[in-house]
Each structure stands twice: as structure tokens, then as C-alpha cells.
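Going down the list, the protein sequences come from chains P and W.
Read the first sequence against the working numbering and you will find it ends at 107, with the numbers running on by one and no gaps.
Read the second sequence against the working numbering and you will find it ends at 1124, with the numbers running on by one and no gaps.
These are computed hints drawn from the structure, not numbers from a lab.
From a predicted model like this one, the values you see are computed outputs, not experimental measurements.
Hints should not be assumed to be uniformly reliable.
Claimed, not checked - From the structure, some residues in chain P lie toward chain W, with a derived Cβ separation under 7 Å:
1) 59
2) 62
3) 66
4) 91
5) 94
6) 98
C-beta atoms are modelled at their ideal positions from N, C-alpha and C, and glycine is treated no differently.
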Amino acid sequence: DIQMTQSPSSLSASAGDRVTITCRASQGISNYLAWYQQKPGKSPTLLIYAASTLQSGVPSRFSGSGSGTDFTLTISSLQPEDVATYFCQKYDTVPWTFGQGTKVEIK
Amino acid sequence: EVQLLESGGDFVQPGGSLRLSCAASGFTFSSYAMTWVRQAPGKGLEWVSSISDNGGSRYYADSVKGRFTISRDNSKNTLYLQMNSLGAEDTAIYYCAKRFSNVVVLPGNYFDSWGQGTLVTVSS
């Protein structure tokens, strides 16, 4: 099975900072990569699919890139409401595996 | 508006059984594949099981294969997860989630709507 590895596992940044989270697949998955945001105590919500396509309603400060095995999620200017854990997910074939998550905090 | 409402979570002893339900509304339930994802306390997300729109195809994570059964009743707009031989490792919040598209030929399975989750605790 393909493994999904995120880094870092957590980060702390100041409001307004640019934040980048990496997700690496153990084998190529083309662009079949989604990103989710999970705020504390809440259910996950879809941010990005097809590696770089923003889900409707998601602020434009979020962006995604990558293809094959290496992907990134970028928050161009971190806002207090972005405090959350972010998960990547491969969705090409079974099993539809998630990364272990990256917790984002505000300094 | 899509709504997914899970229920059935409870405290159960090791070796016990439980059936979770997910009541769906706000979309044509019978046209969408559905999925269960779980999250152990303080941990990440784990895909558990998925079922096609008509129930003809079912998929399971290795960790639950042979113990869990996913099913659906399209006449009741409800998704189910029957969980048997439960162990402490099954303790988690269980979410139901809707596939992004009802177009079956589109490849892939990601989730554009999630329920609020139901907590399953397995302990003696």
C-alpha cells in the first residue's frame, strides 16, 4: 500500500506568515491528492482536491501544488482562524490513505 | 444543504458489537458512494470502509476486514456500519462522509461533506 507522510507534524507561526506543509507519497499518485482542514473539536472539511483545485468557499490564501509523489499546501498569510490540523489524502485507489496530520498554531 | 448525522456510538466491552448509522439529507443519497472514516483520540484520520451508490461494491481497510460490514438503505437515506469483535484499537470517533461526485466514471474517492461523528469507546 502507498504511504502518505506529512511534514512537519506541527508548526507554530505568527499571524501573517507564509506557511508550507508537505505531503509525500511512497509511490506516484499523479494529482489524486486532497487536503482537509480540521479545526479543534470539529469535523474535517475539504480544502483542496486534484492537488491544486480550491474547494468552493475556501479562502484564496490557501493553495496547493505538486504531482507524482511530492505535494505542498501553502497558506500565504496565516490567520488566527487557520489554527487547525491539516491532513492530506491520496484518493486514486484503495486504500484511500490519509497523512498523519500537521497541527498549525499561532505564536 | 448536505447533512450527515451519525448515531449509534456507545461504550462497549472488548469482543462486543455495535451498529452505527448515518442519516443523510440534502442530496440524492442513492446517487453517491459513501464512506466511514475514524479518528482515535488525539490521532489522525483513518479510512475504514466505503460503499458504492447501489451497494454493489464495498471496500474495507485491512484493520477492519472480516469484522466490520458496511451497508446502506437507499429507501431510508441511511448508511450503516456493523462492527463486530471490537477491540480497544477501535476506540474512535466515526465519521460518515460523502463522495465528491455522483459520476461513477470519475476516478477517485475524496469527501466533500462530513458528519459530526459518533464516539465509540471499547473498554472493559
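Now for the hints, and whether the structure bears them out:
no.: 1; hint: 59; result: violated (17 Å)
no.: 2; hint: 62; result: violated (15 Å)
no.: 3; hint: 66; result: violated (15 Å)
no.: 4; hint: 91; result: holds (4 Å)
no.: 5; hint: 94; result: holds (5 Å)
no.: 6; hint: 98; result: holds (4 Å)
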